[in-house]
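Full structure from sequences and hints, please.
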Amino acid sequence: MSLYQNPYHHDNVYGHVIALLKQHTAGASGVHIDIGCNVAAIAEHVRDDLHREYIGFDIDGEALSILSKRGFAGHHIDLSDVASAKTVIEAAVYGSKIASITIIDTLEHITTGPQLLSMLSELAKSHGAPLVSSVPNVAHRDVGFKLALGKWDYTTAGLLDHTHVHLFTDTGLRKVMRLAGWHQIAAYDVLLAKSDQHFPPHHPAVASASALHGLLTSLRDAVDDHAQTNQLVRMWLPGPSSGEGDIAHPECDKSPFLSVVTRTQGRRIDTLRDVLLCLSAQTDQDFELCIIGHKLNSEDRLAVERIIENTHLEMRERIRLIKVDSGNRTHPLNVGFREARGEYVAILDDDDIVLGHWVEEFKKLATKTPGAVLRAGNVAQLWRPVKTAYGTQSVRAVGSMDACFPLTFDHLNHLVENASPPVSLAFPRSAYADLCIVFDETLTTTEDWDFLLRTAAVCGVASAKEITSIYRRWDQAESSYTVHSQEEWLSNHHAIWRKLDSLPLLLGPGSATRIRQLVADYNARHFGTHQVLPHPDIEAERYENAMREDIHNLLQSRGWRFTSPIRFVAALLGRPNKYPMLWAMRGVELEQYKKILLGSFSYRVAKKLRRFSAHLPIKATKA
Amino acid sequence: MKKKIPINKVGHVRIHSVLYGNELDRILTTIRHLNRAADLAIGAGAVASVTLVYGDSSPTPTFSKDDIESIRAQSPALACVDYLFFDSNLGSAKGHNALLAYADEMTEAGTVTDHVLIMNPDVMLAPDALIELVRPFQDPLTGIVEARQLPIEHPKDYDKSTGETGWATTACALIRMDVLHKLSGFDSESFFLYCDDVDFSWRARLNGYKVIYQPSAAVFHDKRLGPQGQWAPTSSERYYSAEAALLMAYKYSRLDIVERLLKTFATSTESHLNKAAESYIQRKKDGRLPEAIDAAGKVAHFEGDFYTKHRFGL
Numbered sequence: 097m098s099l100y101q102n103p104y105h106h107d108n109v110y111g112h113v114i115a116l117l118k119q120h121t122a123g124a125s126g127v128h129i130d131i132g133c134n135v136a137a138i139a140e141h142v143r144d145d146l147h148r149e150y151i152g153f154d155i156d157g158e159a160l161s162i163l164s165k166r167g168f169a170g171h172h173i174d175l176s177d178v179a180s181a182k183t184v185i186e187a188a189v190y191g192s193k194i195a196s197i198t199i200i201d202t203l204e205h206i207t208t209g210p211q212l213l214s215m216l217s218e219l220a221k222s223h224g225a226p227l228v229s230s231v232p233n234v235a236h237r238d239v240g241f242k243l244a245l246g247k248w249d250y251t252t253a254g255l256l257d258h259t260h261v262h263l264f265t266d267t268g269l270r271k272v273m274r275l276a277g278w279h280q281i282a283a284y285d286v287l288l289a290k291s292d293q294h295f296p297p298h299h300p301a302v303a304s305a306s307a308l309h310g311l312l313t314s315l316r317d318a319v320d321d322h323a324q325t326n327q328l329v330r331m332w333l334p335g336p337s338s339g340e341g342d343i344a345h346p347e348c349d350k351s352p353f354l355s356v357v358t359r360t361q362g363r364r365i366d367t368l369r370d371v372l373l374c375l376s377a378q379t380d381q382d383f384e385l386c387i388i389g390h391k392l393n394s395e396d397r398l399a400v401e402r403i404i405e406n407t408h409l410e411m412r413e414r415i416r417l418i419k420v421d422s423g424n425r426t427h428p429l430n431v432g433f434r435e436a437r438g439e440y441v442a443i444l445d446d447d448d449i450v451l452g453h454w455v456e457e458f459k460k461l462a463t464k465t466p467g468a469v470l471r472a473g474n475v476a477q478l479w480r481p482v483k484t485a486y487g488t489q490s491v492r493a494v495g496s497m498d499a500c501f502p503l504t505f506d507h508l509n510h511l512v513e514n515a516s517p518p519v520s521l522a523f524p525r526s527a528y529a530d531l532c533i534v535f536d537e538t539l540t541t542t543e544d545w546d547f548l549l550r551t552a553a554v555c556g557v558a559s560a561k562e563i564t565s566i567y568r569r570w571d572q573a574e575s576s577y578t579v580h581s582q583e584e585w586l587s588n589h590h591a592i593w594r595k596l597d598s599l600p601l602l603l604g605p606g607s608a609t610r611i612r613q614l615v616a617d618y619n620a621r622h623f624g625t626h627q628v629l630p631h632p633d634i635e636a637e638r639y640e641n642a643m644r645e646d647i648h649n650l651l652q653s654r655g656w657r658f659t660s661p662i663r664f665v666a667a668l669l670g671r672p673n674k675y676p677m678l679w680a681m682r683g684v685e686l687e688q689y690k691k692i693l694l695g696s697f698s699y700r701v702a703k704k705l706r707r708f709s710a711h712l713p714i715k716a717t718k719a
Numbered sequence: 040m041k042k043k044i045p046i047n048k049v050g051h052v053r054i055h056s057v058l059y060g061n062e063l064d065r066i067l068t069t070i071r072h073l074n075r076a077a078d079l080a081i082g083a084g085a086v087a088s089v090t091l092v093y094g095d096s097s098p099t100p101t102f103s104k105d106d107i108e109s110i111r112a113q114s115p116a117l118a119c120v121d122y123l124f125f126d127s128n129l130g131s132a133k134g135h136n137a138l139l140a141y142a143d144e145m146t147e148a149g150t151v152t153d154h155v156l157i158m159n160p161d162v163m164l165a166p167d168a169l170i171e172l173v174r175p176f177q178d179p180l181t182g183i184v185e186a187r188q189l190p191i192e193h194p195k196d197y198d199k200s201t202g203e204t205g206w207a208t209t210a211c212a213l214i215r216m217d218v219l220h221k222l223s224g225f226d227s228e229s230f231f232l233y234c235d236d237v238d239f240s241w242r243a244r245l246n247g248y249k250v251i252y253q254p255s256a257a258v259f260h261d262k263r264l265g266p267q268g269q270w271a272p273t274s275s276e277r278y279y280s281a282e283a284a285l286l287m288a289y290k291y292s293r294l295d296i297v298e299r300l301l302k303t304f305a306t307s308t309e310s311h312l313n314k315a316a317e318s319y320i321q322r323k324k325d326g327r328l329p330e331a332i333d334a335a336g337k338v339a340h341f342e343g344d345f346y347t348k349h350r351f352g353l
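So the sequence lines, in the order shown, correspond to chains A and B.
Each step along the first sequence adds one to the number in the numbering used here, with nothing skipped, and position 9 is 105.
Each step along the second sequence adds one to the number in the numbering used here, with nothing skipped, and position 19 is 58.
Worth flagging that the hints you see were computed from the coordinates, not collected in a lab.
Given the structure is predicted, the values throughout are model-derived calculations rather than measurements.
Cβ atoms here follow ideal geometry from the backbone N, Cα and C, with glycine treated the same way.
All clues given are correct.
Partner residues aside, some chain A positions facing chain B, computed with beta carbon under 7 Å: (1) Y486; (2) G495; (3) M497.
Simulated pairs of lysine-lysine, DSSO-like, Cα-Cα distance not exceeding 30 Å: (4) A/K464 <-> B/K262; (5) B/K262 <-> A/K459; (6) B/K262 <-> A/K561; (7) A/K561 <-> A/K459; (8) A/K464 <-> A/K350; (9) B/K48 <-> A/K483; (10) A/K460 <-> B/K262; (11) B/K249 <-> A/K483; (12) B/K262 <-> A/K483; (13) A/K483 <-> B/K348; (14) A/K483 <-> B/K195; (15) B/K337 <-> A/K483; (16) A/K561 <-> B/K195; (17) B/K199 <-> A/K483.
Okay, here's the thing in structure tokens:
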């Protein structure tokens with residue numbers, strides 16, 4: 097190792113190490129051992145702040161000499177020989193209690209890290225001593241973004257110090273430590289928006305104002321919190337060894353082609369049975385089925401379990417029932433995608449139908465276009481519940497097949513509305529698992545549309561025209577269209593549009609022509625002049641104004657005024673009700689206010705009054 | 040607590056299926072479904088035993104002896120699995136009649152059959168399909184019970200309360216053995232592939248039996264859709280349907296329909312329709328037309344191209 101004479105500072109790695117030790121080991125007595133101490137930037141702070149005897153270990157004689165001149169014990173250690181290193185440490189400690197251990201910016205320089213960490217874990221166990229480690233984060237965005245474009249710049253020190261032999265990421269570090277018997281209890285990472293790898297400063301991958309950087313950042317930030325982490329500074333306690341380290345990748349082992357995620361609330365056992373039958377009859381059986389039982393009561397849970405138990409053995413072995421007792425209807429999708437093990441994941445709700453080649457066609461398409469979102473043809477059909485004299489509850493088709501969904505995916509059309517029922521799609525699991533493109537649980541409807549748009553922007557979409565599924569529309573039965581209000585659908589639409597506008601949008605080849613022609617057509621329709629093109633701010637303002645008017649009309653309506661005594665009583669009880677500052681409220685606030693208003697006791701009473709009296713119109717009379 | 044519907048009991052069930060060039064893998068998948076449905080039905084007391092018999096019209100045998108042994112070993116819920124290689128393409132009606140004759144032989148040898156489940160070899164039963172198919176036989180007048188097909192449900196209408204329907208498709212239908220005997224099986228002289236089931240249903244109804252559609256008995260019949268969501272029959276399916284349509288109209292005393300169809304078919308630009316018309320005329324010359332029945336139109340119901348009212352178009 098070379099000599100690194102970096103000084104202690106409260107916001108650099110040394111300051112963070114001491115802060116962790118102070119926070120979690122204050123009061124512990126004994127010696128502190130610092131492995132790979134170099135010039136021991138923390139030695140004085142260990143002595144003065146933690147009141148511990150400091151013992152440093154390093155291979156560099158010059159560093160040890162500097163340490164000695166400052167009055168600290170320093171021992172020569174060769175970390176490439178772990179057995180000898182253990183002897184040196186034990187001799188240096190000489191029966192003293194070890195209060196704490198540090199290994200700062202050292203593990204990246206040695207090839208014996210796993211063995212050394214195991215040895216330290218064994219040593220620490222008998223003392224109950226924690227370890228604080230620091231390693232550079234090779235997944236810092238400055239390194240990753242440049243590497244994605246073929247740039248890898250070694251330097252004399254820093255993130256890509258030319259002497260590094262093992263590179264760490266957050267996940268990789270945890271795996272190495274778990275295998276060595278260390279369990280993380282605290283973290284105080286060093287963050288740097290611009291690392292020492294932030295060069296050349298105007299490289300489009302790293303320059304903060306570039307479109308490319310914006311796109312990469314939007315993707316990277318979704319993955320984890322370490323895009324700007326320069327050094328991973330963690331505190332660990334010794335314990336049992338687990339996992340396989342950072343070299344094994346069990347996630348690459350053989351997995352089924354498709355994971356099918358089926359949400360059920362146990363209310364449609366007959367259609368769930370249909371779903372299971374459609375799956376067990378598939379021409380390609382290379383799939384697993386994750387049934388997500390959402391908020392099942394005990395009776396419904398038993399019914400779902402019975403339906404699964406009834407399937408034949410080969411099918412049953414591929415089904416997992418995962419119970420979820422919290423969240424809205426979107427939450428089970430995240431649970432299902434998280435549990436999925438297939439290369440692709442498809443949503444098959446408990447009331448849809450798939451044809452015999454549903455899996456087969458997805459697989460064919462995945463072979464041709466690996467990694468793309470897969471989309472197969474779909475038709476809709478109207479169904480009703482039915483129960484005949486001698487039958488149990490069932491369903492009956494009452495409409496023809498409606499080819500209402502386009503056979504190929506059009507990204508621009510999908511920005512307007514969703515034209516792809518979930519059952520027609522299969523998503524590469526990696527987009528969820530590795531890019532962390534997850535379902536937005538703040539959405540109560542259209543969660544699938546939002547997820548599709550965000551995944552399609554990254555993965556692209558490959559379409560097969562073959563019809564492989566039937567989207568069931570329900571007549572005289574409950575569906576998401578009957579359960580959720582128009583306001584809810586609209587506010588979810590706007591939430592999605594707002595989200596789309598907040599991120600760069602990646603479109604597939606050919607989109608430039610589509611956009612050029614759409615804009616030209618728009619201009620031509622507006623008398624051939626160059627009008628102000630649609631803009632998110634203008635759209636948002638229109639939406640907000642419409643909502644302000646709705647709320648105002650509601651608050652001015654006769655029905656609302658008639659219920660003012662209720663609000664007067666509420667005010668006396670400490671819940672004052674003032675006319676809102678609608679002009680100052682933005683989209684989400686207006687949506688929330690309207691939701692509260694529509695759910696209020698006053699509104700419910702006013703609504704009833706309207707029902708009772710045709711002479712009390714609740715619709716507004718403008719002031 | 041949800042109310043439990045009592046299980047009906049129908050005794051010994053024999054499953055008949057006629058093969059013609061089917062993929063072995065798909066047949067084995069079908070058998071896995073059958074075995075599970077039989078297991079549950081026997082466990083629930085809905086049936087006493089289930090026997091499976093294949094008749095093979097394929098040019099070469101679909102199963103080897105080892106295949107049959109393997110199927111028997113892997114299907115413990117099936118009391119017996121039998122296989123007859125016909126060595127000629129008998130079609131649907133004649134194939135099933137041959138299997139019925141074999142069932143009679145077995146009866147003489149002491150194997151009782153109370154009901155026969157006639158099904159296509161590519162139909163997969165839902166686990167509870169047998170239990171559900173058995174229920175309507177609580178009514179002593181029930182002669183045939185038909186299952187609901189997935190993924191494309193048959194569009195023919197049925198009574199939402201009673202389940203009564205004009206005719207039952209034998210893609211998957213449970214039939215009382217005594218009814219099969221009484222009607223002397225299927226009219227194999229008139230029908231090769233299609234309408235043997237319509238004819239059988241109508242004759243059953245003429246004899247006072249009810250034909251019941253049971254929506255809760257789900258089965259998967261692997262059908263596909265065209266790009267606009269339409270069901271697209273093959274050219275041979277269209278030919279045999281056209282040929283059967285003429286014979287159905289004649290047999291059920293609707294010479295007006297025969298005339299209209301012949302005229303349409305003969306002048307059509309579609310060769311399969313021309314061929315169907317020629318076949319009918321030749322049959323007439325040879326004196327091989329069926330005996331005309333139901334002159335009063337008691338059960339026969341011709342609705343456009345269909346044999347009952349349809350709920351929707353396919």
